[in-house]
Each structure stands twice: as structure tokens, then as C-alpha cells.
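Protein chains: 2
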Amino acid sequence: MKKIKIGLFGFGTVGQGIYQVIRRATNAHASIERICVRNLSKQREIQTDKSLLTDNPADILDDPNINLIVEVVDDPEASYRFVTEAIRRGIPVVSGSKAMIARHLPELIELQRKHSTALLYDASSCGSIPVIRNLEEYYDNDLLLEVKGILNGSSNYILSRVFDHGEPYSDALSRAQQLGFAESDPSFDIEGFDSLYKLIIITVHALGVYIAPENIFTYGISSISDADIRYAREKSMKIKLVAQVAKVSADRFTMFVMPEFVTPSRYIYSVDDEYNGVVIRGECYDRQFMFGKGAGSLPTASSILSDVMARRHGYRYEYKKMDYVDRPEYTTDVTLKIYMRHPGQSFLKDIPFSRITEQYTSDGYNYVIGEISLSDLIGIRNRLSDPRIFIANFPQFFLHLDD
Amino acid sequence: MKKIKIGLFGFGTVGQGIYQVIRRATNAHASIERICVRNLSKQREIQTDKSLLTDNPADILDDPNINLIVEVVDDPEASYRFVTEAIRRGIPVVSGSKAMIARHLPELIELQRKHSTALLYDASSCGSIPVIRNLEEYYDNDLLLEVKGILNGSSNYILSRVFDHGEPYSDALSRAQQLGFAESDPSFDIEGFDSLYKLIIITVHALGVYIAPENIFTYGISSISDADIRYAREKSMKIKLVAQVAKVSADRFTMFVMPEFVTPSRYIYSVDDEYNGVVIRGECYDRQFMFGKGAGSLPTASSILSDVMARRHGYRYEYKKMDYVDRPEYTTDVTLKIYMRHPGQSFLKDIPFSRITEQYTSDGYNYVIGEISLSDLIGIRNRLSDPRIFIANFPQFFLHLDD
Numbered sequence: 019m020k021k022i023k024i025g026l027f028g029f030g031t032v033g034q035g036i037y038q039v040i041r042r043a044t045n046a047h048a049s050i051e052r053i054c055v056r057n058l059s060k061q062r063e064i065q066t067d068k069s070l071l072t073d074n075p076a077d078i079l080d081d082p083n084i085n086l087i088v089e090v091v092d093d094p095e096a097s098y099r100f101v102t103e104a105i106r107r108g109i110p111v112v113s114g115s116k117a118m119i120a121r122h123l124p125e126l127i128e129l130q131r132k133h134s135t136a137l138l139y140d141a142s143s144c145g146s147i148p149v150i151r152n153l154e155e156y157y158d159n160d161l162l163l164e165v166k167g168i169l170n171g172s173s174n175y176i177l178s179r180v181f182d183h184g185e186p187y188s189d190a191l192s193r194a195q196q197l198g199f200a201e202s203d204p205s206f207d208i209e210g211f212d213s214l215y216k217l218i219i220i221t222v223h224a225l226g227v228y229i230a231p232e233n234i235f236t237y238g239i240s241s242i243s244d245a246d247i248r249y250a251r252e253k254s255m256k257i258k259l260v261a262q263v264a265k266v267s268a269d270r271f272t273m274f275v276m277p278e279f280v281t282p283s284r285y286i287y288s289v290d291d292e293y294n295g296v297v298i299r300g301e302c303y304d305r306q307f308m309f310g311k312g313a314g315s316l317p318t319a320s321s322i323l324s325d326v327m328a329r330r331h332g333y334r335y336e337y338k339k340m341d342y343v344d345r346p347e348y349t350t351d352v353t354l355k356i357y358m359r360h361p362g363q364s365f366l367k368d369i370p371f372s373r374i375t376e377q378y379t380s381d382g383y384n385y386v387i388g389e390i391s392l393s394d395l396i397g398i399r400n401r402l403s404d405p406r407i408f409i410a411n412f413p414q415f416f417l418h419l420d421d
Numbered sequence: 019m020k021k022i023k024i025g026l027f028g029f030g031t032v033g034q035g036i037y038q039v040i041r042r043a044t045n046a047h048a049s050i051e052r053i054c055v056r057n058l059s060k061q062r063e064i065q066t067d068k069s070l071l072t073d074n075p076a077d078i079l080d081d082p083n084i085n086l087i088v089e090v091v092d093d094p095e096a097s098y099r100f101v102t103e104a105i106r107r108g109i110p111v112v113s114g115s116k117a118m119i120a121r122h123l124p125e126l127i128e129l130q131r132k133h134s135t136a137l138l139y140d141a142s143s144c145g146s147i148p149v150i151r152n153l154e155e156y157y158d159n160d161l162l163l164e165v166k167g168i169l170n171g172s173s174n175y176i177l178s179r180v181f182d183h184g185e186p187y188s189d190a191l192s193r194a195q196q197l198g199f200a201e202s203d204p205s206f207d208i209e210g211f212d213s214l215y216k217l218i219i220i221t222v223h224a225l226g227v228y229i230a231p232e233n234i235f236t237y238g239i240s241s242i243s244d245a246d247i248r249y250a251r252e253k254s255m256k257i258k259l260v261a262q263v264a265k266v267s268a269d270r271f272t273m274f275v276m277p278e279f280v281t282p283s284r285y286i287y288s289v290d291d292e293y294n295g296v297v298i299r300g301e302c303y304d305r306q307f308m309f310g311k312g313a314g315s316l317p318t319a320s321s322i323l324s325d326v327m328a329r330r331h332g333y334r335y336e337y338k339k340m341d342y343v344d345r346p347e348y349t350t351d352v353t354l355k356i357y358m359r360h361p362g363q364s365f366l367k368d369i370p371f372s373r374i375t376e377q378y379t380s381d382g383y384n385y386v387i388g389e390i391s392l393s394d395l396i397g398i399r400n401r402l403s404d405p406r407i408f409i410a411n412f413p414q415f416f417l418h419l420d421d
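Going down the list, the sequences are from chains R and V.
End of the first sequence sits at 421 in this note's numbering; the numbers just go up one at a time, nothing left out.
End of the second sequence sits at 421 in this note's numbering; the numbers just go up one at a time, nothing left out.
Hints listed in this document are in silico derivations from the structure and should not be mistaken for laboratory results.
Built from N, CA and C at the ideal position, the CB exists for glycine as well.
Hints should not be assumed to be uniformly reliable.
[To be verified] 25 angstroms max Cα-Cα, derived PhoX-like pairs, lysine-lysine:
hint, chain 1, residue 1, chain 2, residue 2
1, V, LYS355, V, LYS253
2, R, LYS68, R, LYS21
3, R, LYS253, R, LYS355
4, V, LYS21, R, LYS338
5, V, LYS338, V, LYS132
6, R, LYS132, V, LYS20
7, V, LYS60, V, LYS21
8, V, LYS23, V, LYS68
9, V, LYS338, V, LYS253
10, R, LYS132, R, LYS338
11, V, LYS132, R, LYS20
12, R, LYS21, V, LYS338
13, R, LYS23, R, LYS132
14, R, LYS338, V, LYS20
15, R, LYS20, R, LYS132
16, R, LYS20, V, LYS367
17, V, LYS367, V, LYS355
18, V, LYS20, R, LYS23
19, R, LYS367, R, LYS355
20, V, LYS253, R, LYS338
21, R, LYS68, R, LYS23
[Said to hold, decoys possible] Listed below are several chain R residues computed to face chain V (Cβ distance under 10 angstroms; list not exhaustive):
hint, residue
22, PHE307
23, SER320
24, GLN363
25, LEU366
26, ASP368
[As the list claims (entries may be wrong)] Quick list of simulated restraints, FRET-style, between CB atoms:
hint, chain 1, residue 1, chain 2, residue 2, range
27, V, SER134, R, ARG270, 42 to 48 angstroms
28, R, GLU376, V, LEU70, 53 to 59 angstroms
29, R, HIS331, V, GLN196, 51 to 57 angstroms
30, V, GLN65, R, GLU103, 31 to 37 angstroms
The whole structure should be built from the sequences, with the hints applied where relevant.
As C-alpha cells, this is what we get:
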């Protein structure tokens with residue numbers, strides 16, 4: 019079995035973690051041969067042999083000695099260039115760039131097939147939890163009903179600080195950034211896009227269907243207020259940022275990212291701090307729960323290591339489910355029950371609730387609880403970005419085991 | 019890709035579940051061609067075409083049309099005969115027979131290599147949770163420190179009934195048997211042997227080392243008393259039957275099955291009823307938790323289906339870690355802190371505690387808490403089978419992340 023010789027793109031938090039992990043994993047028989055960075059003179063915590071570093075991608079891509087690219091660049095466009103160029107040259111790639119992968123997955127699958135090489139990206143979803151690999155290899159059957167979970171470590175860290183420790187939102191956010199959980203652009207985490215990208219990748223491996231980001235309702239936690247938190251607390255619930263994909267009938271499924279009220283009996287209730295937790299629900303096995311560190315340098319790096327080792331044994335995703343004849347179709351024609359904090363009755367007039375079941379109005383705080391279709395939520399999504407609005411979903415099973 | 023044509027050995031609870039699951043999983047392109055049973059005239063819940071059933075193993079083994087054997091026979095000796103004969107003939111096998119596999123694994127690995135065929139058995143450990151596959155494929159690195167969990171659904175169901183519902187032990191046991199969680203011989207579950215067999219299989223895939231059952235300390239829950247339960251409750255703990263394998267230094271590991279006191283902050287605290295939960299702890303990723311149904315007909319059958327599907331894509335265990343040069347060595351030279359209920363001081367005299375930290379004596383209930391080595395526990399294991407004795411372990415980390 020040949021030694022894995024890695025060309026590493028990116029030497030930030032995750033890149034430096036990979037450098038440490040590869041050195042510890044002596045049985046991996048892998049070594050980092052070259053590291054491509056944007057800025058050679060930047061100060062880094064990890065000191066390496068200077069000759070390892072380069073700012074010229076060709077020093078990796080043209081090196082016949084390098085047989086695996088690991089790409090963890092914090093810039094989707096650069097990431098796209100490096101990854102596609104490597105695949106075109108037949109060099110296998112391990113990538114952690116969820117935004118890039120989620121945007122370009124159909125093309126990346128096509129490229130892998132055309133050039134007979136592999137792109138692995140388990141680290142792109144839920145850090146150290148092997149969600150993608152398990153959906154691809156293990157839950158490869160018709161029984162899967164739902165994948166749902168907390169996929170973003172930093173927003174969950176923030177909600178934990180706010181909910182369990184009573185910290186103000188802004189303090190919690192800056193603390194998450196200090197600890198290296200939050201991306202350089204925090205809106206990526208806070209507005210739900212990080213969860214969205216992971217959900218898109220998960221859906222490809224869960225159901226064999228790719229849905230582009232712009233077609234998926236995504237709502238984050240940036241406008242959450244003390245009133246919303248108090249509301250949830252009074253009812254012994256937490257608010258979590260939840261991503262979910264679920265079959266709604268035998269041949270249709272839906273997906274979205276939205277804050278959700280979580281009661282203590284749910285598995286994800288106790289997923290706190292920077293942890294991620296994913297519930298996989300299916301016929302016959304009911305619910306399985308996978309839980310682990312979803313963010314941070316070393317957890318992500320350990321997931322990259324697993325993909326590196328898998329390459330040593332020639333592993334690649336087969337995207338089997340994309341070839342299934344009866345893949346389910348995406349629908350937004352589903353009714354959700356949501357909580358909406360709003361600035362007053364006049365705002366509510368144009369919100370197409372099909373039914374309102376509760377209303378509360380006071381001097382400083384108004385909310386309604388009602389039913390609304392997901393497609394209507396998509397229709398008004400620009401208006402929902404008003405900071406005076408916050409919405410959260412009450413969970414439901416879209417498809418019961420006995421349906 | 020060829021259709022999977024299954025010869026099924028065993029048509030009890032799990033076998034009938036497999037029959038149902040295979041029919042539901044239309045994308046699996048698998049069918050059951052023949053079912054070998056011991057007793058053709060036995061009444062079964064699931065009605066099948068009579069021509070499917072046979073009591074002659076040769077009707078499956080000699081059928082050139084059958085390209086996969088699924089073996090779920092509730093008799094380790096018969097299971098061994100069918101599985102080894104199939105492998106010798108080059109027919110791949112999916113098996114759920116943990117006792118047989120745990121006893122014969124070195125030979126079964128050798129046979130697979132010699133005859134270039136595959137034996138998959140993810141269903142043998144933790145029912146529907148993909149523990150084996152993940153240890154084999156994903157945690158394939160030097161970072162793994164510990165695998166620990168609740169591996170037996172029926173003893174956990176019983177402890178849940180006793181602990182959370184205040185049921186007497188015997189009622190809980192018979193209810194578990196009614197529900198089909200407990201094996202036909204309940205001592206298999208209750209005395210820890212089921213957990214032991216799973217732990218042996220897990221250890222092969224976690225660390226690449228096989229340890230025979232007789233060399234591993236195994237202690238069950240059959241002698242648990244109201245006093246023990248009260249003791250745990252007063253301290254806000256539960257008692258769970260826990261199996262664990264853990265590195266104690268860079269080059270040594272230990273393993274055992276024993277009741278353990280579990281505090282609410284532990285992941286396995288909330289693993290109740292027939293569920294299983296496994297914590298995988300490693301450098302860099304800290305702890306990962308996998309949770310799901312560990313017993314019952316359909317959960318086990320869904321795990322068998324995953325192995326069947328994996329065979330469709332030619333998957334086999336490579337047992338990579340067995341080839342590692344620096345595999346850790348098994349040791350029982352570790353100190354445990356245990357609770358021991360005992361019949362009186364005279365019994366205690368011959369128990370080689372290295373240190374006793376607490377003692378309690380009353381008319382009907384005596385216990386000590388103290389330190390004792392695992393090898394000494396193995397030395398006195400016959401004396402511990404006295405029903406007046408019950409022991410439980412206080413958990414510890416054998417190897418810390420920074421050691």
C-alpha cells in the first residue's frame with residue numbers, strides 16, 4: 019500500500035490542526051509534502067519547516083510526488099479552483115469546504131466520474147461526526163425517513179451561552195469567535211448558511227437528490243431577542259438552530275433550516291456548546307443519534323484524517339442513491355407551525371398564515387403562533403429579515419412510521 | 019450490478035424481520051431465495067410461500083443461484099458450521115451471531131483471507147447502530163482511546179424498568195422476554211456475556227487485537243438488589259451494565275464488562291429501555307456518541323440489510339488494524355474503584371482490595387468501596403458469583419488526553 023503524500027491548501031485553524039493530527043497518526047503512513055498559503059509572511063501558531071510553505075498552487079498541482087490534495091481554504095472561489103483543477107488532473111482530493119461543495123456538487127460529481135478520481139468531504143458536515151460516510155454507506159436503503167440535527171457548532175455554542183448561562187448574544191458571539199468556532203464571517207454561521215450547506219450535502223448522500231441553496235428556506239438566529247428566549251424558557255424548551263430533511267410522503271421530501279423549539283425529551287436538547295448532533299430516523303430502526311464535536315481545529319482535522327486514511331484504501335463515494343429510479347421529489351408544499359415575534363398587527367396583515375392558533379400582544383412584545391406553508395415562508399423571506407421579526411418552528415413528524 | 023440472491027439460515031425473530039425488511043427495500047434489489055429452518059412444522063408469525071422453507075442446509079449451500087448467505091441462527095454451533103462451510107465454498111456471508119463470531123473470529127478472518135470471500139456482521143454488535151463499520155472504516159487512526167457503552171438492549175431494558183419505573187427485577191426480566199428483547203437463554207444477556215461478545219468484536223475493529231472471552235472479566239446484573247438500587251438512587255446515579263475497552267498507556271489497553279455507576283452528566287445516563295449507546299473517545303475529537311435501538315427484530319434486520327447492500331458493492335472488512343506494527347497489548351494490571359455489597363466482614367477477608375475507602379455495615383446490608391486490580395477480580399471471579407455479592411464500578415478515564 020502506497021504512502022499518502024499530501025499537498026495541503028490552506029493553513030488556517032483547520033490546516034494547522036491537520037498538520038498536528040497527521041504527525042500524531044503514525045499508522046496513517048501519510049505525510050504533508052507541501053503547504054500552499056495565500057500569505058507566506060503571516061504569523062502562525064504552528065511553526066513548520068519554511069521550505070514546506072509556498073504561495074504558488076502549481077508547486078502542489080505540478081508535483082508528481084503528491085498523490086492527495088487536502089483543501090481547507092477559507093475562500094470558496096479559491097477552493098473551487100484548486101479542487102476542480104486537481105480533479106481534472108486525476109489527483110484525489112479531501113476537502114472541508116462546505117460552501118463550495120454545496121454550491122457545485124453536481125458539477126463536482128460529474129468531474130469525479132469523468133476523470134475517475136475521488137473527492138471526499140466528510141469533514142465538511144458536522145466536523146468529527148461521520149455523517150456523510152454513514153449516509154452513503156450504511157443507511158443506503160429505502161428505510162430512511164428523516165435526517166435532522168444541529169449542524170453548526172458556533173451558533174449552537176452561542177445559543178448555549180445565551181440559554182444556559184444567561185449571557186448576552188453579542189458576548190456569546192465574540193466568545194465563539196475567540197475560541198475559533200465561528201467562521202471569519204460570522205453571518206455564515208448565525209444566519210444558517212453553514213447549516214444549509216451541510217444539509218445540502220447530507221441530502222445528496224441521504225436521498226440522492228441535489229437541491230441548490232437558493233431553493234431552500236434558511237433562517238438564522240441573528241434576530242433572537244430576550245423575549246423569545248424567555249418565551250421558550252417559560253415552557254421548559256430551548257431554541258436550537260435545526261437543519262432538517264424529511265420525507266413527507268413515499269415520493270416527496272422537504273428540507274429547511276430554521277430555529278426550532280426543543281423539549282427536553284428530544285435527543286438534540288442536550289446537544290450543547292460547540293457540539294453537533296444528528297438524528298437519523300428510519301423505518302425499522304426508528305431513530306439513531308450521532309453526537310460529537312462539530313467545530314474546532316482538531317475535531318475537523320481528525321475527520322480529514324479519516325478521509326485521508328480512506329483514500330489509502332481507495333475509497334470513493336459512489337453516489338449510489340443518485341441512480342435510484344424512484345428518488346423522492348423536493349416539495350415546499352408543507353404546512354409548518356411557527357412562532358413569530360412581530361412589531362405589531364399591521365405587519366401581520368401581509369403574512370399568509372393559513373391559521374392562527376395563539377396571539378399575544380403587549381407594549382414591547384408581540385407574537386403569534388400559527389400555521390403557514392413553507393412555500394409562503396420562502397415567498398416572504400425578504401420581509402422576515404427585518405430585525406424586529408424572529409421565527410421559530412414547532413417540530414413535527416412529517417411522515418409517521420405507519421403512514 | 020448483480021441482484022443479491024439470499025439464502026437465509028434461521029427464521030426466528032430476527033430472520034422474520036429480515037424477510038419483512040428485504041421486501042420493503044425495493045432499491046436493494048435483493049430477494050430471499052430459500053430459508054433453512056430447524057423445524058419445518060413450527061408455527062411462525064410471518065407466513066411465507068412453503069416452497070421457500072427447507073430443513074436441509076444443502077438446499078442453500080449447493081444452490082449456484084444463491085450469492086449471499088444471511089445467517090441468524092440461535093445456536094452457535096449450527097451457526098459456526100453454516101458460516102464456515104459457506105466461506106469455504108467462497109459464498110459471502112452476513113451474520114448476526116455474536117457468540118459464534120466472538121469465539122471464532124481469528125479463524126473466521128483467516129478463512130475469509132484463504133477463500134477470498136467476505137463475512138460481514140455489523141448486526142452482531144448494537145443492532146442498528148453501525149459501530150463495527152465505523153470503527154473499521156472511520157476511526158481507522160491512531161487517535162482512538164476508548165470505546166465504552168451499553169451494548170445489551172435487554173439488560174438495559176430491565177435496569178430501566180427497575181430504576182425508572184420501580185418494577186421488581188423478575189417482572190422486568192419476564193417482560194423483556196415477552197417483548198422479544200431477551201435471548202432464549204436470559205443469562206446470556208443478564209450475566210454480561212452478550213455484552214462481552216460484542217466487546218470482543220468491537221475490540222478487533224477498534225484496536226486490531228483479538229482477546230478470547232475467557233480472558234476478560236465479565237460480571238452481570240443478576241445479583242443486583244434493592245439495596246444496591248437505593249444506594250445508587252440516593253447519589254443521583256443509575257447503574258448500567260457497561261462494556262469498555264480503553265487504552266491505559268500508549269502501548270497497553272484493558273477491557274471488561276461490569277455494572278457501572280453512571281451520573282447524569284454522562285452520555286450513557288439517558289440510554290434507557292432497549293436502546294444501546296456507544297461512546298467513542300479519541301485524541302482530537304474527544305467523545306462521539308452513537309445511539310440507537312440495540313435489540314428487537316426490525317432494528318437488527320435493518321442492520322443486516324445494510325450489510326446486504328454493502329455486499330452488493332463488494333464491501334468487506336479489511337481488518338487493517340490487525341496489520342499495524344504497534345498494536346497495543348492487553349493488560350489486566352489496572353486498578354479499579356468498585357462498590358461491593360457483601361454478606362459480612364468474614365467474606366471480605368479474602369478479597370484482595372489494595373485500599374478500602376468506605377465501609378458501611380447494618381443488619382441487612384453491608385458494602386465497601388475500595389480499590390482492587392482487575393487481575394485480582396479475575397482471580398476471585400468464582401467467589402463473586404455468590405448471589406449475596408454485587409459489584410459495580412466507578413468510572414474513570416484510564417488515559418487522559420494529555421497523558
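Verification of the supplied hints:
Our distance criterion of 25 angstroms between C-alpha atoms is met by LYS355 of chain V and LYS253 of chain V, whose separation comes to about 16 angstroms. Under the criterion of a C-alpha separation no larger than 25 angstroms, the hint pairing LYS68 of chain R with LYS21 of chain R is consistent with the structure, at around 23 angstroms. Restraint check: the Cα-Cα separation between LYS253 of chain R and LYS355 of chain R comes to about 16 angstroms, which is no more than 25 angstroms; the hinted pair holds. As the CA atoms of LYS21 of chain V and LYS338 of chain R are separated by approximately 15 angstroms, the hinted pair is consistent with the 25 angstroms bound.
Simply put, LYS338 of chain V and LYS132 of chain V have alpha-carbon atoms about 16 angstroms apart, close enough for the 25 angstroms limit, and the pair holds. The straight-line distance between the Cα atoms of LYS132 of chain R and LYS20 of chain V is roughly 24 angstroms, inside the 25 angstroms bound, and the hint therefore holds. Of the pairs offered as hints, the one joining LYS60 of chain V and LYS21 of chain V is violated, with about 30 angstroms between alpha carbons and a cut-off of 25 angstroms exceeded. For the hint linking LYS23 of chain V to LYS68 of chain V, the alpha-carbon distance of about 18 angstroms falls within 25 angstroms, and the restraint holds.
Annotation: proposed proximity of LYS338 of chain V to LYS253 of chain V is violated, straight-line Cα distance about 44 angstroms (limit 25 angstroms). This hinted pair checks out: LYS132 of chain R and LYS338 of chain R have alpha carbons roughly 16 angstroms apart, not beyond 25 angstroms. Proposed proximity of LYS132 of chain V and LYS20 of chain R is supported: the alpha carbons are some 23 angstroms apart, at most 25 angstroms. For the suggested pair LYS21 of chain R and LYS338 of chain V, the alpha carbons sit about 15 angstroms apart, so the restraint of at most 25 angstroms is met.
Taken as a hint, the LYS23 of chain R and LYS132 of chain R pair is honoured in the structure, with Cα atoms around 23 angstroms apart against an allowance of 25 angstroms. About 14 angstroms separates the Cα atoms of LYS338 of chain R and LYS20 of chain V, which keeps this hinted pair within 25 angstroms; it holds. Of the pairs offered as hints, the one joining LYS20 of chain R and LYS132 of chain R holds, with about 24 angstroms between alpha carbons and a cut-off of 25 angstroms not exceeded. About 59 angstroms separates the Cα atoms of LYS20 of chain R and LYS367 of chain V, which puts this hinted pair outside 25 angstroms; it is violated.
In summary, the hint linking LYS367 of chain V to LYS355 of chain V is supported, as the alpha carbons are separated by about 18 angstroms, within the 25 angstroms threshold. This hinted pair does not check out: LYS20 of chain V and LYS23 of chain R have alpha carbons roughly 36 angstroms apart, beyond 25 angstroms. Between the alpha carbons of LYS367 of chain R and LYS355 of chain R the distance comes to roughly 18 angstroms, so the proposed pair stays at or under 25 angstroms and holds. For the given pair, LYS253 of chain V sits about 51 angstroms from LYS338 of chain R by alpha-carbon distance, which is inconsistent with the 25 angstroms threshold.
Only pairs whose Cα atoms come within 25 angstroms are accepted, and LYS68 of chain R paired with LYS23 of chain R is accepted, the gap being roughly 18 angstroms. Below 10 angstroms, beta-carbon pairs count as interface contacts, and PHE307 of chain R has one with chain V at about 4 angstroms; its hint therefore holds. For SER320 of chain R, the interface hint holds, the least distance from its beta-carbon to any beta-carbon of chain V being 4 angstroms, beneath 10 angstroms. For GLN363 of chain R, the interface hint is violated, the least distance from its beta-carbon to any beta-carbon of chain V being 43 angstroms, above 10 angstroms.
The interface hint given for LEU366 of chain R is violated, since its Cβ lies 40 angstroms from the closest Cβ of chain V, which is over the 10 angstroms cut-off. Restraint check, ASP368 of chain R versus chain V: the minimum CB separation of about 44 angstroms is more than 10 angstroms; hint violated. Checking the proposed 42 to 48 angstroms range against SER134 of chain V and ARG270 of chain R shows it holds: the Cβ atoms sit about 44 angstroms from each other. At roughly 56 angstroms, the beta carbons of GLU376 of chain R and LEU70 of chain V sit within the given window of 53 to 59 angstroms.
Separation of HIS331 of chain R from GLN196 of chain V is about 45 angstroms and departs from the stated range, judged on CB atoms against 51 to 57 angstroms. At roughly 59 angstroms, the beta carbons of GLN65 of chain V and GLU103 of chain R sit outside the given window of 31 to 37 angstroms.
Comparing the model with each earlier hint shows violations of hints 7, 9, 16, 18, 20, 24, 25, 26, 29 and 30; every other hint is respected.
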